[in-house]
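Two chains, two frames, some hints: make the complex.
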Amino acid sequence: MTYDLEVLFGASLCYLLILFLVAYATDSGLIPERWTSNSTVYTLSLGVYATSWSYYGSVGFALREGFLFITIYLGVTIAFLLSPVLLRPILRLTRDYQLSSLADLFAFRYRSQLAGALVTLFMLVGSLPYIALQIRAVTASLQVLTLEVPPRLLALGFCAMLILFAIMFGARHTSPREKHRGLVAAIAFESLVKLAALLLVGLFALFGVFQGPADLSHWLTEHPEATRTLYQPIQDGPWFTLLFLSFCAAFLLPRQFHMTFAENTSSRSIGTASWAFPLFLLLLNLAILPILWAGTRLQLEMDADYYVLGITLAQGPVWLPVLAFIGGVSAASAMVIVTTLALSSMSLNHLLLPASYPDPKLDIYRWLLWGRRLLIIIIIMAGFGFYQLLEQNQGLVQLGLISFVAVAQFLPGIIGTLYWRRANRQGFIAGLLGGITIWSLTLLQPLLEQSGFIEGGYNLNALLQTSGLGHWQSATFWSLACNGLLFIGISLLTRQSEGEREAARACHSSNTIPLPLEGVVTAGSPAQFSQGLASIVGHEAAELEVSRALEDLGMHGTESRPLELRRLRDRIERNLSGLIGPQMAHMIISQQLGMDNEAKTALADSIRYVEERLEESRSQLQGLNADLDSLHRYHRQILLDLPLGVCAVAPDHTVVIWNLALKQTSGVAASQAVGHKLTSLPQPWGELLAGFAVTREGHTHRLEVQVGGHTRWYNLHKAAIPDPNLTRQRLPPRTGLVILVEDLTDLQNLEAELAHNERLALIGRLAAGVAHEIGNPVTGIASLTQNLRGENDPKVIEESIQAILQQTRRISSIVQSLVNFSRSGTPGTDISTFPLNDIMEEAIQLVRLTRSGKRVTFGNGCPEQLRVTGDRQRLCQVLINLLTNACDASSPGNRVDIFARQEQGEIQIEVMDQGEGIPSELQQEIFTPFFTTKVTGKGTGLGLSLADKIIAEHNGSIEIDSVPDVGTRVIIRLPVGKEESS
Amino acid sequence: MATGPDNEQQKEQTLLLFLLALFLFASPFTLWWATADNLWFLPYLLWLLIIIAGAWLELRHSRHDL
Chain A
1 MTYDLEVLFG ASLCYLLILF LVAYATDSGL IPERWTSNST VYTLSLGVYA
51 TSWSYYGSVG FALREGFLFI TIYLGVTIAF LLSPVLLRPI LRLTRDYQLS
101 SLADLFAFRY RSQLAGALVT LFMLVGSLPY IALQIRAVTA SLQVLTLEVP
151 PRLLALGFCA MLILFAIMFG ARHTSPREKH RGLVAAIAFE SLVKLAALLL
201 VGLFALFGVF QGPADLSHWL TEHPEATRTL YQPIQDGPWF TLLFLSFCAA
251 FLLPRQFHMT FAENTSSRSI GTASWAFPLF LLLLNLAILP ILWAGTRLQL
301 EMDADYYVLG ITLAQGPVWL PVLAFIGGVS AASAMVIVTT LALSSMSLNH
351 LLLPASYPDP KLDIYRWLLW GRRLLIIIII MAGFGFYQLL EQNQGLVQLG
401 LISFVAVAQF LPGIIGTLYW RRANRQGFIA GLLGGITIWS LTLLQPLLEQ
451 SGFIEGGYNL NALLQTSGLG HWQSATFWSL ACNGLLFIGI SLLTRQSEGE
501 REAARACHSS NTIPLPLEGV VTAGSPAQFS QGLASIVGHE AAELEVSRAL
551 EDLGMHGTES RPLELRRLRD RIERNLSGLI GPQMAHMIIS QQLGMDNEAK
601 TALADSIRYV EERLEESRSQ LQGLNADLDS LHRYHRQILL DLPLGVCAVA
651 PDHTVVIWNL ALKQTSGVAA SQAVGHKLTS LPQPWGELLA GFAVTREGHT
701 HRLEVQVGGH TRWYNLHKAA IPDPNLTRQR LPPRTGLVIL VEDLTDLQNL
751 EAELAHNERL ALIGRLAAGV AHEIGNPVTG IASLTQNLRG ENDPKVIEES
801 IQAILQQTRR ISSIVQSLVN FSRSGTPGTD ISTFPLNDIM EEAIQLVRLT
851 RSGKRVTFGN GCPEQLRVTG DRQRLCQVLI NLLTNACDAS SPGNRVDIFA
901 RQEQGEIQIE VMDQGEGIPS ELQQEIFTPF FTTKVTGKGT GLGLSLADKI
951 IAEHNGSIEI DSVPDVGTRV IIRLPVGKEE SS
Chain B
1001 MATGPDNEQQ KEQTLLLFLL ALFLFASPFT LWWATADNLW FLPYLLWLLI
1051 IIAGAWLELR HSRHDL
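Which chain is which? The protein sequence lines are A and B, in order. Residue 1 is where the first sequence starts when you use our numbering, and the numbers rise one by one after that. Residue 1001 is where the second sequence starts when you use our numbering, and the numbers rise one by one after that.
If we strip away everything but chain B, and leave its shape as in the complex, we get (with noise of 0.2 Å):
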């Protein structure tokens, strides 16, 4: 289990990564990559960099837990 100031880290951390993926995701900046010029797998891409940056924060955390 993550210590006190750890797990603050931790939901501090996941904010900021929540408001990234609204930037990406759900903000007018959406509208800007989602243009025809684009790549059609550029969703995925930016999909995938949410999801590894989450991999990244989680796997650091539970490795403080150890």
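If we strip away everything but chain A, and leave its shape as in the complex, we get (with noise of 0.2 Å):
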């Protein structure tokens, strides 16, 4: 049975328009995302791994070496199971740092423009011939179906397809955050297909060539070599060194790259890809062994490579030979399509934009688009170019092989990326040179001399297999030997360079948390950082970036903190990267947005963004880094919980931690106030606090503010925090501060309400001897007015009234002082200035009334013109406390005086008695509230106290000089007010 081309033509063309229909659909939201964008699509796409080699290939690699077709998936299984070490930390690389390549990754870690272009060559060089590979498999798929050699042409129109193909639907963005869901979906959808066409092919050969299972059974007792040749090559052949090389493949060739990191839209697909990838690969080889047994059963006159064609046209329906070549085109396209794409990005990043990188005022997004479509038709014509030079007697594993060689080498590469941080560009560098070079002298020389490219080259196989190693064992082994052999010694001989050492904290663990202590950003605002950009890529790509790097950091176009710059900076650096690579976006970056690398970030800075880090990556903490993660988290969480007001800042006057307590003190939320200016807070708190973290000193008490119309009363305490490193580093010193905010309101109110308490006690005192005192002078008037019925001496009536008037008086003079003494008023707020001597006499006369003080002999030695400044009422209260406190504590007879002088600029009173004393263990004791030596009932404890308040409130002091059964002096000093002074 054979076909006509043009029939096998227009059904790959039909196909290739599905293809195309499934892309565009996916990408135009036809196909609901929730159908495209999943594990199982994400799974599938990675099935671009099996490529024509696979689907015609495996089947003539199993009849020459046996089961060692199989370690070709085997590697890749174990590669997958590994995926919690070894492919999602790449994967956390690529989407952290917006790389969308191998060649990317390794300039980003190596810092090294270099390596991103010699490693982006090394994979053209490896992968040209693969693609060439998939070209060829098309075109003799064709010939066996048609038994005629297909025209150039046709390989050139499917060439042309798979270009259109990849333009269309693969280089649609500029941006590696852009995925490319039509292009997955249309790859998964190949998978699909050429897992469906080989699993038919296979059915076909166990039900169609053989009747069934028992059939087979039956067949393979009768030919015991079919097993046994299965078995023989494990035992002989390279068999560990094809399961290496497979595990490094299934990461590493640019295809796997590409699909697995590139394209990968959630982290948790990974997970599921690491068994279920492996499944499908399962699946795809069940019908290896039965095709093989069908094709040797039938025995079949062709390349054993060719039986999955071969079966089904000797003995099949009609559809099944187009189906089967359709699952061949379906796996060579969406290798050629992934790999050309992945190839494209690599070579635009890493030898196109660095040899003519584009003229500022060209539109740049535009320039790379274009640039990379232009690769796409460059690279599929090269591996054309490939195809038509290659020799047709090159094996489809052979040439598959040598791409897994080749891709091999930068393993040593990875494991220094990932594990080991000392490795650096020149190890790496030298070990790829040298794995290259054995790379291209064991295995591609030979390729190219029997394809008549070269003749006559240096056989370094020969010397290399005096090993006993054989052909593929000896290139592998010595070229990795060399390779890794030169990375290491390299690496441990040379030095690293800066920018290497902070890559590889980045690469080494997610755990570390890289400080920017060091260098501050020179431009000091986003706009002045798109002015920086616009000269090399251009007004609008700088701005655009600009504004999409503040858009995914959550700033705003106004940011000055420097930290932040430094933020948006590296951010900035991270899209660059994506879109020109990660080399030539350091080099912009650290020429266009210089920093001043002499200025140095103090920790305290760095707060935010390092509490930012680890709030991101705490679930990935382990060990000591967690321990030291919850006692951080502990100590934060006492600052948050204290109950009082703490507020951090950092040198620049940013707040870093802005507690509860002073949330609820203040009524500004935390995110109000984290990350701003201590100015920038609400009324009255910017001020206050801002003013306060200038001054001098270190405490300000009592201080009055006015909050949301009523007076709040706060003490402010403040102390520097030294930066740790800044110290070390013997730096100047950048300290931040830690404030404290006292709320003393309700102390406050308190203290006013114990003062009135206290005030209406001492009036109740006060009242029995007022009364007693009012009594005798109204019992006076009473028999005066009496005596005055009956009297008509005008005289006596004269004296009669004088005397009433006089007895008025005292009334109205005892009255008045309690009245004054009693009323109430705000503390504080009635300030004025008085003779001193007022409230002297005053105060003598009320505590005259009181027992104790009708007892003693009051003497005022207060000068008549010195005048105090301060709230009369409570001065008054002090001074009735005291000599209250004189009576007390004297015996009758005695005398209790009180002086007044100003010298030196302030005001001394002494009140002064006889009494017993105060004892000296109890004179530190009598100012504390509610101390009192008076029995139960007497006294509350208070009088001392307050009037040490009121004291203190009038910027005085209070002292006792007491000596026991001598006499107590009590000593006030007030400052002298401006007018008194005057």
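Bear in mind the hints are in silico, worked out from the structure with no lab data behind them. Here a beta-carbon is modelled for each residue, glycine too, at the ideal position from N, C-alpha and C. A couple of the hints might just be wrong.
Sample of chain A residues lacking proximity to chain B, with all beta carbon distances greater than 12 Å (derived) [said to hold, decoys possible]:
(1) 70
(2) 80
(3) 83
(4) 227
(5) 235
(6) 303
(7) 445
(8) 540
(9) 653
(10) 753
(11) 770
(12) 865
(13) 871
(14) 895
(15) 963
Label-pair ranges, simulated between beta-carbon atoms [what the hints assert, rightly or not]:
(16) A:558 <-> B:1015: 36 to 42 Å
(17) B:1015 <-> A:388: 45 to 51 Å
(18) B:1062 <-> A:196: 23 to 29 Å
(19) B:1009 <-> A:485: 53 to 59 Å
(20) B:1038 <-> A:211: 44 to 50 Å
(21) A:152 <-> B:1038: 43 to 49 Å
Spelled out as structure tokens, the structure:
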């Protein structure tokens, strides 16, 4: 049975059109996103690993090398089983730093454009034979089905279709952040087609060529050599080498790296793929042996590589060979498309851009897009050129394995990236060059010799194989040994650059939080960032990139904080890295957004940044890091839950901590405060805290602040937080501050209440004396009035009236004193300047009315002209308290004297008694609230403490000088106000 | 996302599974089972065993993550 070329061409054209339709429907949203962005589609898209080598070549490979064909998938299975320690860390790096290819990853880690260029060139050289192999598989399969050599034009047409598809669906966006969902869906569809086609051919082999499993089993019993030849190569062949090579290829081949990492939309998908993708490969391989045995039974006279087509042609229904052919087209096209996209991205970033950077006047996005499209055309056409020159007798497997050994040369580099911080660019480049050289001499040169490109090259294989190793084993072992030894040796002998050290820290572990302590961006605002970038990437692109980075970080365009600008700079570099490659982005950013490397960022400046990074990576912390994180959280929680307002500020007075108590005190939420300057906080807090932060005093007591129309009182304390890093580096101190805000309003109100109650208690104590004092003149007035009834003598009447008026004045004086003392008022609001003698007389008069006051003699030694500024009522209360205490301590007949004088800018008032005195051990305690030496009910214990508080509020002081059994002297010192000093 | 200790446990179990895979496919044990007397589908069964073990581990940890 043969087919017309036109029929097959039409079938493959129809298939490619369906592929276009799938990609278009996905990209345009006709297929719901949940159907295409899921783990199943992702896993199927990884099936790009199975190329025409797997589809056609596995059967031939199994015939020649038995079960060795299975190693190509077992190695992948092992690599995917290791995804938590191998694939996930790479995925994290590619996502965090927007790296779209292996060349990007190496250029980022080793901070070397040369490393990126070398990797790209090597990938290109290693992949072109592989692309050529796919084209050849398609044309060879056409030849099998038509029994005629297909025209070259057909291969060219196939390449043109692939170019069109790759450009339309694989080069839609310039940034790796934008995933090509259409491409992924199409590649997944291709995997499904090739799996279905191969399984159908396998089923046909089992039930069409054989009569079912029993017949197959019977045939195998009759042909024991069929099984023996399968197992024999495991003993003799390069089983372990191939296992190792496919392990490397699983994630290092350009197409695998692209689909596994660059087109990944969810980190969960890689978990599912860790078992689902090996399962897909297992299913794909189930058909290989039945097809091989069917071909053997049918005694097909053709290359075993094409038994997949051969058995269907010999006995199958008419549609089956076409379906098998479509499966082959599917396997080949998926590989070419994805490999080309990956190579074009690498070539753009690491070859084209460094060689000819576009003029800033051009639209860089457009330039990149068209540059990538041009590279897609060049790469596929180069593959086509290679196909034309390639010797037809090269087996599919041989070409594929050459690529596998090529990509295995990146294994030392990737191990260095993930697990060895000391690895450096010199070691990497030297190792890679060493590995490439041996690979070229052992594998590429013989291929080119066989194809007639070169003649009579040096035969290194003969020398290397003297070690007893086979062809593949010796090429793999010696190239990797040379690569690894050079990599390790030169890395140990040479030093890393600072940039490499930083990149190594970022790559080594997600737990490391790099502190940007060194260097401050010289640009002062995002607008200056745009200006700086515009000269390289153009105005529009610069503004777009800056605004995109601002959006990513949730920053405002007016941001000016140094650390936030540093983060913005890093973010722009990452975004540009996705656009033009990490090394190019690094160079542009270093050049255009310069850093003042002398300036250091204090630890306090970094706290927010570090906190955010810790929060992001908390789930990944382990061991000591996790313990340190828990400890840090515990300490932080102590600060946050402290029932005292705590506000920590960076050296530039940006708030870094604003705790819950301060939020409740101020009404300003942490989100409104953290990250903002003190001066920009809502009033009155901005002015209050910013003002306090710059004062020299460490404490401010009883600061009266109007908050929301109410008067509140606060104590403020502050302490500098020296930065241990700066101190260690012997740099000038840039200290942050911690400010404690103590809300005294409740205490103030309580004290006012107590003072009021104390006054009421004093009034109560005075009341009896007052009543008695008023009673005497009232009795006198009553008697005089009684006498006046019968009195006609005008002289006596006049004397009586004078006596009554005198008694009335006495009553008025007593009442006025009491009224003055007892009237209510807000403490501290009635400040006036008045003669000190007035309140002294008033106090003496009132205390004289008390029972104890009547037993002593008062003396007033206050000069008439001495004036004092303060709250008259409260100062009077102080004197009454002191005089009452003096009277209580005095024996009948003792003197209580009160003196006042002005000296050295202060007014000194002394209250002296001849009482029992205060024991020295109690003198320290008598100002303590509720401390009293009087019997219960005689005193509240608040008198002296209130006196102390009132004097303190007048910026004065009070002290006790007492000698037991001699007497007590209370000395009050008050500052002289402006008025009285003048 | 897996929490720290859970993530650590997953890594440990993954490494154990990796060692099992090495034992089956890259050790002298490979040469022991690779004899002509064995069933032709034995390598597939061993392969399936490893896949099932990997799936069990992954599904177990992804359930914990939910």
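Given as non-interface: residue 70 of chain A, which should sit over 12 Å from chain B by C-beta: Given a closest Cβ separation of 6 Å, the condition is violated.
Confirm or reject the statement that residue 895 of chain A sits farther than 12 Å, beta carbon to beta carbon, from all of chain B. Holds, because the least Cβ-Cβ distance between residue 895 of chain A and chain B comes to about 80 Å, which exceeds 12 Å.
Assertion that residue 303 of chain A lies outside the chain B interface [Cβ separation over 12 Å]: Holds: least Cβ distance 23 Å, greater than 12 Å.
Decide, holds or violated, for the assertion that all CB atoms of chain B are farther than 12 Å from the CB of residue 770 of chain A. Holds, since 77 Å exceeds 12 Å.
Looking at residue 865 of chain A again, its CB stays over 12 Å from all of chain B? holds, 80 Å
How does the Cβ-Cβ distance of residue 1009 of chain B and residue 485 of chain A compare with 53 to 59 Å: does it lie in that range? violated, 36 Å
Starting from the range 23 to 29 Å, see whether the pair residue 1062 of chain B and residue 196 of chain A falls in it by beta-carbon distance. Check passed, 28 Å falls within 23 to 29 Å.
Would residue 540 of chain A pass as off the interface with chain B, using Cβ distances and a cut of 12 Å? Non-interface label on residue 540 of chain A holds, nearest chain B Cβ at 37 Å vs cutoff 12 Å.
If I claimed the Cβ atoms of residue 152 of chain A and residue 1038 of chain B lie 43 to 49 Å apart, would that claim hold in this structure? holds, 47 Å
Cβ separation check - residue 227 of chain A to all of chain B, threshold 12 Å: Label violated. Min Cβ-Cβ 5 Å, cutoff 12 Å.
Is it correct that the beta-carbon of residue 445 of chain A has no partner in chain B closer than or equal to 12 Å? Per Cβ check, residue 445 of chain A is outside 12 Å of chain B; nearest 30 Å; holds.
Nearest-CB test (12 Å) between chain B and residue 653 of chain A: holds, 36 Å
Hint check: violations occur at hints 1, 2, 3, 4, 5, 16, 19 and 20; the rest are consistent with the structure.
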